[in-house]
Amino acid sequence: MEENENKIKKVGIVSCSGEDLPEGTISRIATLEVLLKKKPFGTTTICLPLFIAGGEGDRLFAKNNPTITVDGCEKLCAKKATEKYSGKVTCSINVRNFINSNTKVCNKRNLNSREKEIAGKIADVISNKVDDILKESKSYND
Amino acid sequence: MDKKKVIVIPCSGIGKPIGTVSRETTYEIVEKLRKEKCQTVCLALLTSGDKETIEKLNKNYCITIDGCAKHCAKKNVEACNKIPDKSYMILKFAAANPDKKPEGIIDIGNGGSDLVDTVASHIVKDIDELTKD
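Just so you know, the protein sequences line up as chains A and B, in that order.
Residues in the first sequence are numbered from 2 upward in steps of one, following the working numbering.
Residues in the second sequence are numbered from 3 upward in steps of one, following the working numbering.
Since the hints were made in silico from the structure, they are not lab data.
The model shown is predicted, which means the values in this text are computed figures rather than measured ones.
Worth double-checking, as some hints may not be accurate.
[Unchecked claim] Pairs of lysine-lysine residues, derived as DSBU-like cross-links and limited to a Cα-Cα distance of at most 35 Å, are as follows:
(1) Lys89/A with Lys84/B
(2) Lys85/A with Lys77/B
(3) Lys81/A with Lys18/B
(4) Lys72/B with Lys64/A
(5) Lys84/B with Lys76/A
[Said to hold, decoys possible] Quick partial rundown of chain B residues pointing at chain A, CB under 7 Å, derived from the structure:
(6) Leu45
(7) Leu47
(8) Lys77
Glycine included, every Cβ here is placed at the ideal spot set by N, Cα and C.
Isolated chain B, as found in the complex (with noise of 0.2 Å):
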């Protein structure tokens, strides 16, 4: 049997730089820090019902990025019947990190990267507790 992978899925918030930076987060996860473990799919296709993708959610462990409290990639997965590994808040961070502050919604800026080098790292802990055994 395939080793289970994580599935890491961000809110992509278009409105405000924080969900950029949930959306910059998970690339530097799946695409980088932890490439073997994880991938992404696509939040909007999950939540128009795509069998394809709500079974992949299903066989896998999940974790969301959320921007922002009203906590979207959370409560859409949690509709199609999931309840994430793990779910994360980007304001959470950047509260505790008032020097990292993103800047704009197209580009975050320096503060911005920094964010999400923080954000990354501190999930890549927890994805590597999760697929440990």
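The shape of chain A in the complex, shown without the other chains (with noise of 0.2 Å):
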């Protein structure tokens, strides 16, 4: 195999987007962020329910390729499926631990100024995340 096959080109984030809570809606928003917005090049998504149905490609590519999970909860739903289905994930990150006990976040549909700020923060830390690793990755193959 040639060395720079071995190189990593995308990192794959993995979010909950629980339906029944808000902070599944923050998840969203915030990997969307990353995907669209500020890492378009060096990330690519992979469907939840997709991939828990059975997608052998997302599920082979999560095993091959670093992830970063995104959770609604304590449960953690996206990060014990990648684990489940693919081997250890990167990073996880749990929204709750972005949320401040003097905030109450309560829009599912409709994400408020307060939520969208908590949303763009993790957007920051899972896009600085993927820098690292690219360049962890990048400095392991030079």
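Both chains are given apart, each in its own frame, so use the hints to dock them into the complex.
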């Protein structure tokens, strides 16, 4: 195998997108911010329901590439599913760790400005993590 | 005995605008149009085998709203040994309403919102039929 073939080109980001929690929508929006705006060339998404339903391509990708999971609550469904089907995740983020005890998140459909701000902060964290992973992979391969 | 509710489960597919349409349609139904009859559950939680969520699913009616023909929501519900009472696919509605086109994944725009209204108004008729007794 050529040495360059080992180089990691993309990081997979898996969002729980939990429908029944505002934090699920925050996980989805933060993930989409990174995928579509902050790191469109360094990332790809893995559709969690498809992944669980048996999407072989997504499972293989997650097995062979670094993954960041973004969960809305302590149940960590995205992390657990990724580790069950593809192996250890590189980084696991729980939205609730970014919400302080004085802040109440309540919107599942249209996030308010405070909820959008939290999603933005999480997107920054994901984005920095993507940079770290790609840099590490580059220095490993240089 | 409590009256059976309708559990509405979208695929929420993250890679396509139609995934967002499935999610928004669900919220339009459970938060607005049929608040008293419907609720949603986290699909990821269901598929991770959460007992309480599976029990809720089995005690109530269930409908799935998928974005595309991969039918991930429907398949994941079936994997929990529940056959959805009704299943819908956004792509079918989009094909029948070419003037209602979702724009982006984060913001589906006016076309996407119109499509949400069309799909939701179709589905609530079936919900009323399911829960008429």
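Right, here's what the structure says about each hint:
Among the hinted pairs, Lys89/A with Lys84/B is consistent with the structure: their alpha-carbon atoms are about 30 Å apart, no more than 35 Å. Distance check on the hinted pair: Lys85/A and Lys77/B sit about 18 Å apart at the alpha-carbon level, within 35 Å; holds. The suggested pairing of Lys81/A with Lys18/B holds, with an alpha-carbon distance near 24 Å, which does not exceed 35 Å. A hinted pair counts as satisfied when its Cα atoms are at most 35 Å apart, and Lys72/B with Lys64/A qualifies at roughly 22 Å.
Distance hint between Lys84/B and Lys76/A is fulfilled; the C-alpha atoms sit about 22 Å from each other, no more than 35 Å. Taken as an interface hint, Leu45/B checks out: its beta carbon lies about 6 Å from the nearest beta carbon of chain A, inside 7 Å. Hint on Leu47/B holds. Least Cβ distance to chain A is approximately 5 Å, under the 7 Å limit. For Lys77/B, the shortest C-beta to C-beta distance to chain A is roughly 5 Å, which falls under 7 Å, so the interface hint holds.
In the structure shown, no violation is registered for any of the earlier numbered hints.
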